[in-house]
Amino acid sequence: MIQAEALTKRYGDTLAVDDLSFEVRPGRVTGFLGPNGSGKSTTMRMIMGLDHPTAGRTMVNGRRYGDLGYPLREVGALLEAKAVHPGRSAYNHLWCLAQTNGIPRTRVDAVLQLVGLEDVARKRAGTFSLGMGQRLGMAAALLGDPGVLLFDEPVNGLDPEGIRWVRNLLRGLAAEGRTVFVSSHLMSEMALTADHLVVIGRGRLIADMPMAEFVAQSSRQFVRVRAPASTDLAGLLQRAGATVVPEADGALAVSGMAAPAIGEAAAAAGLVLHELSPQSASLEEAFMELTADSVEYRGDVPAGAVPDPTR
Amino acid sequence: MPTATAPATVPTVPPATGRLSPAGVLRSEWTKLRSVRSTVWSLLALAVITVGMGALICAATVSRWSSSGPLERLHFDPTGRSLRGIFLAQLAIGVLGILAVTSEYGTGMIRATLAAVPNRPLVLAAKAAVFGAVALVVSEVVTFAAFLVGQSLLTSPVPHATLGQPGVLRAVAGGGLYLAVLGLLALGLGSIIRHTAGAISTFVAILLILPLLLQAFPASVQTALSKFLPLTIAGSMISVQQTADTFSPWAGFGLLCAYTAAILAVAGVLFVRRDA
Ligand SMILES: Nc1ncnc2c1ncn2[C@@H]1O[C@H](COP(=O)(O)OP(=O)(O)O)[C@@H](O)[C@H]1O
Ligand SMILES: [Mg+2]
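Chains as they are written, first to last, in this note's numbering: chain A, 89 to 399; chain B, 69 to 344.
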């Protein structure tokens, strides 16, 4: 369990995190979503006790990070920056972390095997590829067999196989009942991994809801209709209960009525159609729109909302 | 490469009862220090410089002896002469002390370290203790070696020293103490500055530029201030014969320890306050 309470972080003039409150619960993957620069890494560093909040606080398992008895046995993290000395072997890197928290050597071997680095354990970490470095970071996060795990953009720069591996790992960890908090700036990645979403923009909370709900709210379905007599058609469809918004190029964006029903209504009225195409905004688009200007966000994305006619 | 993962099937960690112990943090810092090559290279450089330079200087002394004047012969200090390599070796120990901290910032390792041990004063203290112990042992071994090699080269008619003579043991041991404490001072600078290049520049400035700057002042100011410089303290610590206008070896050493303690204290306060 991770909690952030009215968390705020200011770097000089930059307000990186702004009055952020949320909870990350065990047993599911919680995605931490936000565009680049929205304050995800900063929030994670504060949870890990690395950066000091300007205001507010974070708790892990109900305690401040600094009050944890053996932190690595409760919390594991893979943060954005590579946290490995290139001249030290993978084994020694893990071993010097293990020693601080009373973790046995057998566990170092075990996590190296778990991430598939056992054959290069004695090689200097500086010789590792990006993917191997990421695996070493994963091994460090899992070292203390912790119940709470944080991953900051863990798939950045990985090949498709590596991405799939990370995804499976995260889902497996959550299935074991652990708290898994993973950040990304890519909605598409989150859609495949997360059960729950905490969305931020410009350091502020935008949404905190189950993935399914977020998808339902965000993926807006509508039908694009073009007709020579578009004014007549718009009136007809509105009387039938649909919401109609004219688009810039003269097309109509119709929601609340399915394409076949629109076609039949037009035929019954003798109106010619030039286009009748169901549309759905992708999750990625929905997310971009949601976070594009976080300041103007009002907190209500009505299901089936009509797209902005100026777009 | 593993495609599926089942963390539950691997050896787990014993139940987490208790707290972080200083012993574990000390062991970890020892692992860190011994597991990178730069440590070995720096210590090797320290040994080669100290012993090698001492030997060169002693050999040169013998070959020049016949042409040296009576005053020079009167003030000749065989012990101090054989330990002169320390003036160069102090740069090697300083770099090692600086790197003990700045390499963690440069690589981001500091974040892993502090996630494992959020108690920052404990981290700094353990780092200083492990580095200080290693630096002390190596520096003492190296200065004694430099002394023995140097004295063996100072052949008749040039006088040489033995450890039994008054003040000699103090001077040789003092050379090692000086290097070790200076290394700790450098470690503190590294922790304050956090960047390798910046910390090394500052360290070199304190050691070598400060004495040059002092030369811009009138002689009376120079004599009054120069005894506070680490370099002057080093000179008195490794010498059997003392000159006027310097602190006594132990007073100088006390002053060096005070500088180091002050720098480490500032480092500790900043370490706790700043973001990692
Ligand atoms: N150490 C720092 N000093 C100054 N500004 C920072 C620092 N870390 C982050 N920032 C700023 O805070 C904001 C949030 O950054 P970050 O947390 O890295 O976002 P994200 O991880 O979501 O991309 C950005 O504007 C970034 O420039
Ligand atoms: Mg980031």
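Honestly, the hints are just simulated from the structure, not real lab data. Ideal placement from N, C-alpha and C gives every residue a C-beta, glycine not left out. Among the hints, a few may not be true.
A few chain B residues facing chain A, derived, Cβ under 7 Å [stated by the list, open to error]:
hint, residue
1, Arg188
2, Val209
3, Asp343
Pair by pair, the computed Cβ-Cβ distance ranges are [claimed, not checked]:
hint, chain 1, residue 1, chain 2, residue 2, range
4, B, Pro90, A, Arg113, 31 to 39 Å
5, A, Glu372, B, Leu112, 13 to 21 Å
6, B, Pro90, A, Leu246, 37 to 45 Å
7, B, Val289, A, Arg151, 54 to 62 Å
Hints, one by one, checked against the model:
A hinted interface residue such as B/Arg188 counts as satisfied when its beta carbon comes closer than 7 Å to some beta carbon of chain A; here the least separation is about 9 Å, so the hint is violated. Restraint check, B/Val209 versus chain A: the minimum CB separation of about 24 Å is more than 7 Å; hint violated. Here the hint on B/Asp343 is kept, as its CB sits about 4 Å from the closest CB of chain A, short of 7 Å. In this structure, B/Pro90 and A/Arg113 meet the distance hint of 31 to 39 Å, their C-beta atoms being roughly 35 Å apart.
The hinted range of 13 to 21 Å is not satisfied by A/Glu372 and B/Leu112, whose Cβ atoms lie roughly 56 Å apart. Our hint of 37 to 45 Å for B/Pro90 and A/Leu246 holds, since their Cβ atoms are close to 38 Å apart. The supplied range of 54 to 62 Å is met by B/Val289 and A/Arg151, whose beta-carbon atoms lie about 57 Å from each other.
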